[in-house]
Amino acid sequence: MPFLAWAAAFLLVPAGALLIGAFRTQDGEFTTEFFKDIFKGSSLDAYVKSVEISLITALLGGALGFLIAYAALSPGAPRLLRPAFLTFSGVAANFGGVPLAFAFISTLGTVGMATRALDAMGLNPYDHGFTLFGFWGLVVTYLYFQIPLMIIIIAPAIDGLKAEWREAASNLGATSTQYWRYVGVPVLLPSILGSMVLLFGGSFAAYATAYALTSGHIGLVPLKIGELINGNVLSDPHQAYALAFGMVIVIAVAMAIYFVLDRRASRWRRSVQ
Amino acid sequence: MTRSGWFWVAVGLLYFLLPLAATAEFSFKDGDSYSFAAYREIFDDPQFRDTFFLSLKLAIVTIIVALLLFIPTVYWVHLRLPQFRPLVQFLCALPFVVPPIVLIVGILYVYNYQWVPGKYLGSPYYLVPGYVVLGFPFMFFALDNAFRAIDVHTLTEASQSLGAGWTRTLWKVILPNILTGALAGAFLTFALVMGEFTMASLALFNTFPTYINYIGQTKANPAAALTIISFGITWLALLGILFVGRRPGRTAVQVGGGAR
Amino acid sequence: MAYLELEKLHKEFGDFTAIEEIDVSIQAGEFLSLLGPSGCGKTTALRIVAGFERPTSGRVVVEGKDLTNVPPNHRDMGMVFQAYSLFPNMTAEANVEFGLRVRGQSGAERRKRVEDLLELVGLSAAAKRYPHQLSGGMQQRVALARALAIEPRVLLLDEPLSALDAKVRVQLREEIRRLQTQLGITTLYVTHDQEEALSVSDRVAVLSQGQIEQIGAPAEIYNAPGTPFVAEFIGTMNRLEATVAEEGQVQVNGMVLAVTDARGLPRGERVLVLIRPEILDLQRADGAASSALVGEVVAHIFLGAITRVKVDAGEHELSADLPGHRAAELPVGSQVAASFPADGGRVLALSEQPEGPAERAPAGQ
Ligand SMILES: Nc1ncnc2c1ncn2[C@@H]1O[C@H](COP(=O)(O)OP(=O)(O)OP(=O)(O)O)[C@@H](O)[C@H]1O
Ligand SMILES: [Mg+2]
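Protein chains in written order, with this note's numbering: chain A, 1 to 273; chain B, 1001 to 1260; chain C, 2001 to 2365.
FYI, nobody ran anything at the bench for these hints, they're computed from the structure.
Owing to the predicted nature of the structure, the values given are computational and were not obtained by experimental measurement.
You can take every hint at face value.
Quick list of simulated restraints, FRET-style, between CB atoms:
| # | chain 1 | residue 1 | chain 2 | residue 2 | range |
| --- | --- | --- | --- | --- | --- |
| 1 | C | Phe2016 | A | Tyr126 | 52 to 58 Å |
| 2 | C | Gly2304 | B | Arg1080 | 47 to 53 Å |
| 3 | A | Ser176 | C | Asp2023 | 30 to 36 Å |
| 4 | B | Phe1090 | A | His128 | 43 to 49 Å |
Every beta carbon over 12 Å from chain B, so not counted as near; a handful from chain A, in silico:
| # | residue |
| --- | --- |
| 5 | Asp37 |
| 6 | Phe39 |
| 7 | Lys49 |
| 8 | Ile56 |
| 9 | Gly122 |
| 10 | Leu123 |
| 11 | Gly129 |
| 12 | Arg181 |
| 13 | Tyr182 |
| 14 | Leu193 |
| 15 | Ser266 |
Idealized CB from N, CA, C, for every residue including glycine.
If we strip away everything but chain A, and leave its shape as in the complex, we get (with noise of 0.2 Å):
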């Protein structure tokens, strides 16, 4: 099959290339130094940095957007609202990179239209400590992707809430918050995870955004490597294989706790009689 060719040659071999070329001298040597690097200092900042923000983006993304797919997808919504959302999400969830960072200067850069309208209100977010170029204006505008995805992910799930399930237990005298706790979150529970951990990844690999952005200069995995790449004479090309094969591991590591978590949390889908 040609797909499994064109598979192997542009993903697979690429991929495990780097694990060959993380390991290795510009004279082809066999070295685990870069390796070790990725353990260290402005490393490990890096990485630190890009897991946290991937983590954030991805609890905020994954919460504010189940909240308002449940709001916008329940049954009890006015027709018009679900294709709405669903398209809107479409194309927000579709529209990254460069022009992103854009949007979100016009939007919350120092003169953009929030900023001004916030300034006119008293409440100048770069007087409280903000700034759109830093770690939180990072989130808040990968949560223009984040919440729109997990809005599309999520939406198979609530449709699949019975609405029998709250009516029995409502029925049984529990209140709505009771109702979540015990039934809606753990039956969504699965979902929400898969949803989180693909919002992790989608934080995790961006690199567009930050760019433009920062210009580069937030320090996360992916603006490293770009860095490394980008024709940076002193450096080695194969610190950023290390360091894009530690992305690897680090998305591997995601995957693996979501499948446990999922285990766990869907034991009443499998059989254990």
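Fit chains B and C with the ligands to the given chain A structure using the hints.
Showing chains B and C with the ligands alone in chain A's frame:
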């Protein structure tokens, strides 16, 4: 609907629309008044045309390659080789989790001057293989859904019993029936390539997204105009999918996670 | 005073009236069924009682207390849904326990009660299974146990058996009735299956297009339908359009038939004479009584102990249920005369009849 429901709907709409409104306003701003000056400046820029059409060409080539690759693959997975499905599905989901930057770094590492003749190394079409890989999930799940919706077995057998060969069956019988899925995959791939920055930038090619970045570092209002244009392209692609007859809810698996 | 009362209950969805000012009162411990064709408003009525739906006007009163504005989780009503209402993430046991848990009952007490209830519905062995590991019938038993666990003031069931196959359906409905009698719990049961309603209820309320056609004991509903709709809907009926003749007589197609029920009606009035198939008798036409209806046998339908013989009698199609050997004497194509005892027919003035029933009851019982 509850009051808190409306609150979250409002939050969602605000989050979605505010940056757009702000960008649009910014793009029209011309000193103290509003005009199309920023757009005019962009459209008059020969670099805009060059990069835009380059990205367009890349998108079209990527789509063609992806379709050639996937239509037979998905067809065979449905018809003859269902045991390959888990493998194919896994490979197609991989680009969802493998960051594009990892992919391009790997590609640059493997396919460098030692392996690839210089004229290909210097051609922007160098990007196409990677773009096809990034588009794996979109194409595969779109086509997979389309094939699932039709009865491949019966159609194939009917066609062959009437004396048609494999290629004829594929072209005349299967293709028209999966057109919607193929178009959905094509539109998503289109949006992906038109916005892909990471690979192009690291491989040092000047495509439309790198042009946007370049403008963004130098001219603020035209950058806003480009953002609106880029957003419009994403809209067109997504509306295209709606237009060819799929409900947005059903494209869930395929949508999202595009250009970052 | 009645235990549960629906007073002038009225519900509109937009400009569609789902329930039209219905009044129902249910005694403590009584089993009342709401019976009617699809879309007549049964579920809506039940959901209003449960509190999931607010009536446009009217009240729901339990033990003299107006519950109309009480939210569902404070009503103490146990509800059994049509299907798929068990919480999928909880075992059978945990499902039954749920109501007690949210009520903050202590663990030991809870456990005991759950055990008792599962035993009551015969599912002790399946306590640790998840809903997807239970058959449809088992799931509904768990749902029943779950509803009973909270010792509800009223038990509400919305077509709890309709997703099950015929055999389980009969078995389970008897079990529901047995439990209900044993526990003495006031029960409101919704079904579109007349056989089900008649076999388990103390009383049946027949609904049509949001209105109550008749409320009464099953035998009353069956034997003395109060409206043509009820007559049509419950069981199978032979309908003869007739004119009142002499005292206690009606005229059908120029032939005079004796019907006790026609007494006291003004002569010349257009009426409907209703006769159950098991009341109608058939004879070979040659030896027939003079007042009988005559026609040709067109079909035999085997129904087990009896055979339903269909007769084409000109304007009327008649059905008569005969023992097998008698039906065998009247093969398809033979000329027969139909007759019935004078007190076997029921007469309804034709003016009472609405446009026609929304849906015909399936033949056979
Ligand atoms: N939420 C609603 N909005 C609008 N119309 C409704 C709503 N719920 C019910 N209806 C309408 O009210 C009527 C009665 O519905 P209901 O569900 O009570 O019928 P039912 O007697 O339970 O029928 P079935 O036997 O099919 O369950 C139907 O015509 C239905 O279309
Ligand atoms: Mg109903």
